Amino acid sequence: MTQPDDIEMTQLLAGPAAPGEETMRRLRARLVHDADAAGLLDVGYRSIDTPVGALLLAATGQGLLRVAYAVEDHDRVLAQLATKVSPRVLRAPARLDAVARELDEYFAGRRTSFDLPLDLRLSSGFRREVLAKLPTIGYGSTASYAAMAAAAGHPKAVRAAASACATNPLPVIVPCHRVIKSDGTFGGYVGGEAAKRTLLTLEGAA
Amino acid sequence: MEREPFEKIVDRYGPTVLRVCRAVVGPAAAEDAWSETFLSALQAYPGLRPGSNIEAWLVTIAHRKAIDQGRAQARRAVPAGDLPERPGRDGIPEASDLDLWAAVKALPLKQRECVAYHYLAGLPYTEIAGIVGGTPDAARRAASDGIAALRQVYPGPRQETGHREPARERGAQS
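Which chain is which? The protein sequence lines are A and B, in order. FYI, the numbering for the first sequence is 1014 to 1219, going by our numbering. FYI, the numbering for the second sequence is 2 to 175, going by our numbering.
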């Protein structure tokens, strides 16, 4: 259906009307600002570079919603958030400024706990109970999956406690990396075993 | 049913919608029109039926915003000097871009809309008729009249009409 003339005119018209990158950046910034002011920025996100690779950070108006490792595939994670939480998802670095700052301090060894509003809606039931107990394991310490199951009120639910850690929507911030196997080996980790080792080494626990 | 993050919609269609806004309401009002279009689209996005033609949906919103905001400005005489970005790419001489841009502005609104929605947004005339009103044939005629007027200003780089001399002469410098 496209005639050669069509293509030619399209290129011709696109020339003088072509928006530059600077213009698009300005318009995007204005959109994020207007969306936030209108209460339409349901999920804002950015990514940061860390010693454990690029981390995706996403937050609702209530608080930090998701931290994701590169191995989880950031595009896939954003698509999941769009489906589960709201499709009104925009890159909005300013919303994540405080989170990025605290993570920078943590990776520089200057911060041992996080002081951030969290939105835990991606976790529910027993898993959420387990996540709620994780911050009781202090910086530089570790605990076993069995101990976490007991702390969450179900000593026999060791596998469920392990799966709560494996599906933690807020790794690093909610310290599932401090939960290891009873025999002292690291066990699995959502960011991969190398990332778990890096975090525990940073904290002086490994 | 998976939903795409709105960010992807901005990535994919943002530049095209801005081109359409510039052609329809002019560069001065285009950024306001774009901003209102995407804010309005963000609000409505969760209710958009899956499988919808997103580009047509955005152009429809942009069209309504242009009616709301742009027409009063567009009706006033628009001074020609107010160009958006640096023109002149792909070997098209800049002077012709200026002429072409001025010619787009000089088109009657309906022709401008139909040219922009078809040639910049790539929408079929059936969709365009739904947006601007009237029949697909009328939309096609308006676009083709608009293109004919633009061709008077800029005949295009086609070989058979390539009667211009190249701007640069080879071997001019020693």
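Keep in mind that the hints are not guaranteed to be accurate.
Stated by the list, open to error - Below are the EDC-like pairs computed for lysine to aspartate or glutamate, each with C-alpha atoms no more than 20 angstroms apart in a straight line:
no.	chain 1	residue 1	chain 2	residue 2
1	A	Lys-1097	B	Glu-5
2	A	Lys-1097	A	Asp-1117
3	B	Lys-9	A	Asp-1086
4	B	Lys-111	B	Asp-146
5	A	Lys-1097	A	Glu-1115
6	B	Lys-9	A	Asp-1132
7	B	Lys-9	B	Asp-69
8	B	Lys-9	A	Glu-1216
Keep in mind the hints are simulated off the structure, nothing from the lab. A quick note: this is a predicted structure, and the numbers were derived from the prediction, not measured.
Verification of the supplied hints:
no.: 1; hint: A:Lys-1097 <-> B:Glu-5; verdict: holds, 11 angstroms
no.: 2; hint: A:Lys-1097 <-> A:Asp-1117; verdict: violated, 29 angstroms
no.: 3; hint: B:Lys-9 <-> A:Asp-1086; verdict: holds, 15 angstroms
no.: 4; hint: B:Lys-111 <-> B:Asp-146; verdict: holds, 10 angstroms
no.: 5; hint: A:Lys-1097 <-> A:Glu-1115; verdict: violated, 27 angstroms
no.: 6; hint: B:Lys-9 <-> A:Asp-1132; verdict: violated, 24 angstroms
no.: 7; hint: B:Lys-9 <-> B:Asp-69; verdict: violated, 27 angstroms
no.: 8; hint: B:Lys-9 <-> A:Glu-1216; verdict: violated, 37 angstroms
Checked against the numbered hints given earlier, this structure breaks hints 2, 5, 6, 7 and 8; the rest are met.
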